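K.L.:
One-letter residues, chain by chain:
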Amino acid sequence: MNSKISNIQRLSNPTAHSLSVAGFFAVMILLIGSVYYATITVDYIWRWYKVPTYFMYKETVIIYADSNGEVKEIKPNGDKFDVIITDDQGDITYTVPKDSFDLDEGDFTSPGDLIAEYEGGWKPGMMTVGLWITLKISFISTILGIFIGILGGVARVSSTPVLKWTAITYVEIIRGSPLLVQIMIAYFVLGTTINKILMMNGLPSLDPEWYGIAALSVFTGAYVVEIVRAGIGAIHSGQVEAARSGGMTYFQCMYYIILPQALKTILPPLAGQFINLIKDSSLLGMISIRELTKATREGITTSLQAFELWIMCAILYLLMTFTLSMCIQYLERRTATK
Amino acid sequence: MIDVKNIYKTFFVPHEVKALVDVSNKIEAGEVVVVIGPSGSGKSTFLRCLNRLETAEHGQILVDGVDIFDPKTDINKVRAEMGMVFQSFNLFPHLSILGNVTITQKLVRKRSKRDREKKAMAILEKVGIADKAHAHPSNLSGGQQQRVAIARALAMDPKIMLFDEPTSALDPEMIGEVLDVMKTLAREGMTMVCVTHEMGFAKEVADRVIFMDEGKIVEEGTPVHFFENPDHDRTKLFLKQIL
Ligand SMILES: Nc1ncnc2c1ncn2[C@@H]1O[C@H](COP(=O)(O)OP(=O)(O)OP(=O)(O)O)[C@@H](O)[C@H]1O
Ligand SMILES: [Mg+2]
Chain A
2 MNSKISNIQR
12 LSNPTAHSLS
22 VAGFFAVMIL
32 LIGSVYYATI
42 TVDYIWRWYK
52 VPTYFMYKET
62 VIIYADSNGE
72 VKEIKPNGDK
82 FDVIITDDQG
92 DITYTVPKDS
102 FDLDEGDFTS
112 PGDLIAEYEG
122 GWKPGMMTVG
132 LWITLKISFI
142 STILGIFIGI
152 LGGVARVSST
162 PVLKWTAITY
172 VEIIRGSPLL
182 VQIMIAYFVL
192 GTTINKILMM
202 NGLPSLDPEW
212 YGIAALSVFT
222 GAYVVEIVRA
232 GIGAIHSGQV
242 EAARSGGMTY
252 FQCMYYIILP
262 QALKTILPPL
272 AGQFINLIKD
282 SSLLGMISIR
292 ELTKATREGI
302 TTSLQAFELW
312 IMCAILYLLM
322 TFTLSMCIQY
332 LERRTATK
Chain B
58 MIDVKNIYKT
68 FFVPHEVKAL
78 VDVSNKIEAG
88 EVVVVIGPSG
98 SGKSTFLRCL
108 NRLETAEHGQ
118 ILVDGVDIFD
128 PKTDINKVRA
138 EMGMVFQSFN
148 LFPHLSILGN
158 VTITQKLVRK
168 RSKRDREKKA
178 MAILEKVGIA
188 DKAHAHPSNL
198 SGGQQQRVAI
208 ARALAMDPKI
218 MLFDEPTSAL
228 DPEMIGEVLD
238 VMKTLAREGM
248 TMVCVTHEMG
258 FAKEVADRVI
268 FMDEGKIVEE
278 GTPVHFFENP
288 DHDRTKLFLK
298 QIL
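Chains as they are written, first to last, in the numbering used here: chain A, 2 to 339; chain B, 58 to 300.
By construction, these hints were calculated from the structure, which means they are not laboratory data. Model, not experiment: these values are computed from the prediction. It cannot be assumed that every hint is accurate.
Unchecked claim - Label pairs and their computed distance ranges (CB to CB):
id	chain 1	residue 1	chain 2	residue 2	range
1	B	130	A	165	15 to 25 Å
2	B	257	A	173	29 to 39 Å
3	A	178	B	153	41 to 51 Å
4	B	240	A	324	57 to 67 Å
5	A	333	B	240	41 to 51 Å
6	B	75	A	252	50 to 60 Å
7	B	121	A	176	28 to 38 Å
8	A	173	B	74	42 to 52 Å
Said to hold, decoys possible - Partial chain A-side listing against chain B, Cβ under 7 Å, derived:
id	residue
9	234
10	235
11	238
12	239
13	258
As the list claims (entries may be wrong) - Here are some chain B residues pointing at chain A (derived, C-beta under 10 Å):
id	residue
14	105
15	155
16	160
Here a beta-carbon is modelled for each residue, glycine too, at the ideal position from N, C-alpha and C.
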């Protein structure tokens, strides 16, 4: 159907074809150009050069004295110097680069005095940290989502009421309410309760990240249940009968016979689900998890370069989702040839 | 060996069908029973009740004295002793032939890799496709696939074999090779219940023929009695139609 239409419309003339390709680029450049022009007319000043510091920056290290003391000794230590300061507590050694301090042996220091100031090593910027958190959360939630989804899907197609009805209830509740609300419930209702219980038992409370991961994986899991159910449904019932009539248990039959065959139909919709998961993780900023979107927002409050940072943010999400869909396409091709 | 006592089975979806109505039968060890009857007469349903692929709503089936409809019965244990062969082969397409014949041995019988592969090769040899052990089901002809399916069931060392029209989906030239395997089994003393339209097979190896119609056993007896001198008009009519 699709290919027929494109066959009819296919431009047979090569010149017309390349003109059309050129047209595409013209449209793109025109669009970007006009957006850029519009921003200039409202006096937005683009400062792309500021963006890299949100990914990587050289940290400035400043060391202050915190007691009254005396510089006892300054001695070289490799290409740096050891500055040893004695106070009534004993000796404190600071290892700092050459030229980063302005002290001599015998100088006195009092609290708040500058001891040394120098450029430290490279540090990951806010956006990098945010990107890392988004990746980490998406990865863990994907794994948990697959796990929940497969278990739920197998329960969903079983004829045992406990399993089947539990799975149906789970899917319907989760699919029937907004993810944002579920994240709020996970953090403010469940999170508060669980953390209080942990505290009462003298245990450390859990990070918001974990509640975010729980909300995302439970949400994704519900959709995976339906995907797995459809995949299992596409397998001929004779497969189950052949397996069960040999004496395999329901779960052996699912794990060894049905799921491996269902994987082929499950993979493409699963990819879409996990791409959604990456994008949905942007909601976790609402419960003070500094994932990419939240990091971008915070970056903007300090830099005021809203346009650049939001565009960077979108590009980063695009990169993640694109990489994921490439990986899944590779997997699809591998399972298809098998 | 199998004692079927007054079973009833009704399907309600898509519409009400009385598939089995008060069916009773006793199948002795070593017996070869052939079930025949017109389409929709309940033959498959009867066979599938024997290993509880269908559950009867009334009545009892005892397999070696075990009531298989009793919820306390571990049905997987009973099924492990009963091999089943289907019209549509139902080989596992994601596994090789060897994989098909070893997986149940592994999961249910918990045999070691060496034992189960030795067993599989011996049985594939017997059904004449040892050379295809590493092929995939889709590369085999229908007759070969059905022989693998029989091998898969036999690898479990079952006490009973159930066949549901094993040759109906085959091209005519392949029916013989599958029937030959079944005949060999019958002569070796395997207890068999076969739903089939192969009258030649019934005449040659059956100890008893059961004729079903509209969910009931209309007539049963030795092949000689059944084919040459049936009691019921319904049976005579059926035989006239097919022979
Ligand atoms: N799973 C099912 N759901 C609903 N009705 C069924 C089901 N299985 C069988 N039936 C019905 O029960 C009746 C008996 O079916 P069964 O398959 O046992 O007949 P059969 O003798 O094996 O016929 P055939 O020679 O066509 O295989 C038929 O009317 C059939 O439509
Ligand atoms: Mg049938």
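K.L.:
If you test the structure against every hint from before, which numbers come out violated?
P.N.:
2, 6, 7, 8, 9, 10, 11, 15
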